[in-house]
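**Student:** So the sequence shown is numbered by this note's numbering: it starts at 19 and just counts up by one.
Just so you know, these hints were derived from the structure itself, not from any lab.
Any given hint could be a false lead.
[What the hints assert, rightly or not] Within a straight-line C-alpha distance of at most 30 Å, the following computed DSS-like cross-link-like pairs (lysine-lysine) qualify:
| no. | residue 1 | residue 2 |
| --- | --- | --- |
| 1 | Lys365 | Lys63 |
| 2 | Lys352 | Lys84 |
| 3 | Lys365 | Lys352 |
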Amino acid sequence: MASLTSHLPIFLFLTALISSESQSFIGVNYGQVADNLPPPSSTAKLLQSTSIMQVRLYGSDPDVIKALANTGIGIVIGIANGDIPSLAADPNAAAQWINSHVVPFYPSSKITLINVGNEVLLSNDQGLISQLLPAMRNVQSALSAASLGGKVRVSTVHAMTVLSQSDPPSSGRFNPGMLDVLKGLLAFQRDNASPFAVNPYPFFAYQSDPRPETLAFCLFQPNAGRVDSGSGIKYMNMFDAQVDAVKSALNAIGFNDIDILVAETGWPYHGDSNEVGPSVENAKAYNGNLIQHLRSMVGTPLIPGKPVETYIFALYDEDLKPGPASERSFGLFKPDLSPTYDAGLSKSSQTPSTPSVTPSPKPTPSTPSVTPSPKPATSSKWCVPKTSGVSDAQLQANLDYACGHGIDCSPIQPGGACFDPNTVASHAAYAMNLYYHTVGTDPMNCDFSQTATLTSTNPSYNACVYPGGGSSSLPVAATKMNEISNDGFSKVRTGSSIRNKILVYMFLFLIYSLSL
19 MASLTSHLPI FLFLTALISS ESQSFIGVNY GQVADNLPPP SSTAKLLQST SIMQVRLYGS
79 DPDVIKALAN TGIGIVIGIA NGDIPSLAAD PNAAAQWINS HVVPFYPSSK ITLINVGNEV
139 LLSNDQGLIS QLLPAMRNVQ SALSAASLGG KVRVSTVHAM TVLSQSDPPS SGRFNPGMLD
199 VLKGLLAFQR DNASPFAVNP YPFFAYQSDP RPETLAFCLF QPNAGRVDSG SGIKYMNMFD
259 AQVDAVKSAL NAIGFNDIDI LVAETGWPYH GDSNEVGPSV ENAKAYNGNL IQHLRSMVGT
319 PLIPGKPVET YIFALYDEDL KPGPASERSF GLFKPDLSPT YDAGLSKSSQ TPSTPSVTPS
379 PKPTPSTPSV TPSPKPATSS KWCVPKTSGV SDAQLQANLD YACGHGIDCS PIQPGGACFD
439 PNTVASHAAY AMNLYYHTVG TDPMNCDFSQ TATLTSTNPS YNACVYPGGG SSSLPVAATK
499 MNEISNDGFS KVRTGSSIRN KILVYMFLFL IYSLSL
């Protein structure tokens with residue numbers, strides 16, 4: 019019999035690959051405009067206890083970069099706007115910057131991206147704006163000279179004001195006054211395979227339109243959706259709409275091959291008395307449901323099948339920042355390292371519990387006002403998506419809502435018994451059914467805005483067991499779930515699904531070899 023020790027490196031590699039691939043799109047902003055932050059070493063340990071796999075710094079603090087060494091956590095570092103002129107004017111200055119801030123730490127500290135400046139175009143400083151691209155080019159040349167070209171990317175971060183139009187998403191267009199600059203930046207980024215980084219904040223969209231239905235749309239909660247009059251796509255949340263507006267703007271000027279990176283997004287848990295929207299409930303709902311949305315791998319309507327790499331603002335509050343109270347109240351964690359609220363980032367708790375927010379729409383048959391009981395009830399019925407006329411966006415909203423209301427969605431997370439097939443329809447079916455049996459088997463709880471139906475056919479398959487019936491109910495084959503997922507609103511297989519199947523087969527081969 020082969021020894022486990024001899025195969026341990028392969029096992030550890032497979033485990034690490036599955037873990038890193040499944041969460042590599044979730045990042046956090048680590049701002050340091052504060053006088054009460056814990057030491058970087060403590061922060062590194064905190065991050066390792068979460069599913070956060072990327073950290074964005076606004077500078078290049080060597081203590082933080084060193085603390086993250088050998089953790090496997092990707093690090094995005096920043097170059098201050100004030101440093102852009104010198105880097106643009108002198109290639110040697112760029113080389114010196116790279117040799118001081120990157121080379122001594124790489125690769126033990128996994129630096130993946132350098133942002134040259136932050137929201138430079140928003141400054142309206144034409145001199146600084148004209149120096150941005152030359153600075154980026156010099157930084158890229160310095161990376162290549164240090165043999166880091168292609169390993170560390172170069173980008174810059176934009177405010178959503180680079181768009182002159184964003185509603186509906188298909189009409190997304192860049193500000194004409196910025197177009198020439200953006201085309202130059204994008205051509206550089208295409209040549210160097212770096213992402214277009216933006217800061218979408220549904221929070222600000224809600225502040226400008228503080229209606230209950232807008233809040234639900236922004237928080238990934240059940241809502242009527244918004245149909246894009248240009249594309250006919252029905253959007254179920256503001257995040258997707260904002261990202262797709264950027265995608266439409268890129269497509270409109272011929273840069274449809276540029277990846278989008280969300281450098282900042284978040285929701286404050288506290289604000290001044292005159293601020294609309296900040297609350298612990300809303301922050302927990304937004305960030306928790308956003309994380310669940312990213313983990314579902316559904317993407318956005320214009321970027322389907324993969325999550326957009328997203329950095330949540332922020333790791334900690336920054337108590338020295340000016341402005342309204344909300345500016346100092348975005349932190350996911352407190353200085354004592356305890357969570358401000360449970361956003362579902364802990365490795366021991368992958369799904370958030372997000373109660374209904376205040377204000378919220380009045381309960382409807384599709385959004386029952388109930389308190390989940392700790393154990394699912396049983397009945398001979400199962401709640402599943404309708405087999406026609408239901409879009410991915412609607413199913414994603416159902417999935418986000420169900421998993422955000424106290425049910426255990428770990429079986430549809432990577433490695434769970436119901437993760438495959440890795441489609442939004444399959445994951446939504448499991449979550450909707452579990453929600454129905456958890457909150458109570460009233461048919462009203464299987465409405466989901468008329469996108470669900472009750473069936474007496476058990477949708478369980480293989481090791482994936484759907485609550486709802488006794489052992490007398492025969493589970494259907496896995497292909498039955500594929501039939502549910504194949505009505506034009508969901509792909510039965512994605513690249514992520516295929517990857518995970520390969521990993522499973524490799525794992526089974528390892529187990530088989532151990533028995534020899």
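**Student:** Against this structure, judge whether each hint is valid.
**Tutor:** Status of the hints after comparison with the structure:
Between Lys365 and Lys63 the alpha-carbon distance is near 13 Å, which keeps this suggested pair within the 30 Å criterion. About 22 Å separates the Cα atoms of Lys352 and Lys84, which keeps this hinted pair within 30 Å; it holds. Between Lys365 and Lys352 the alpha-carbon distance is near 18 Å, which keeps this suggested pair within the 30 Å criterion.
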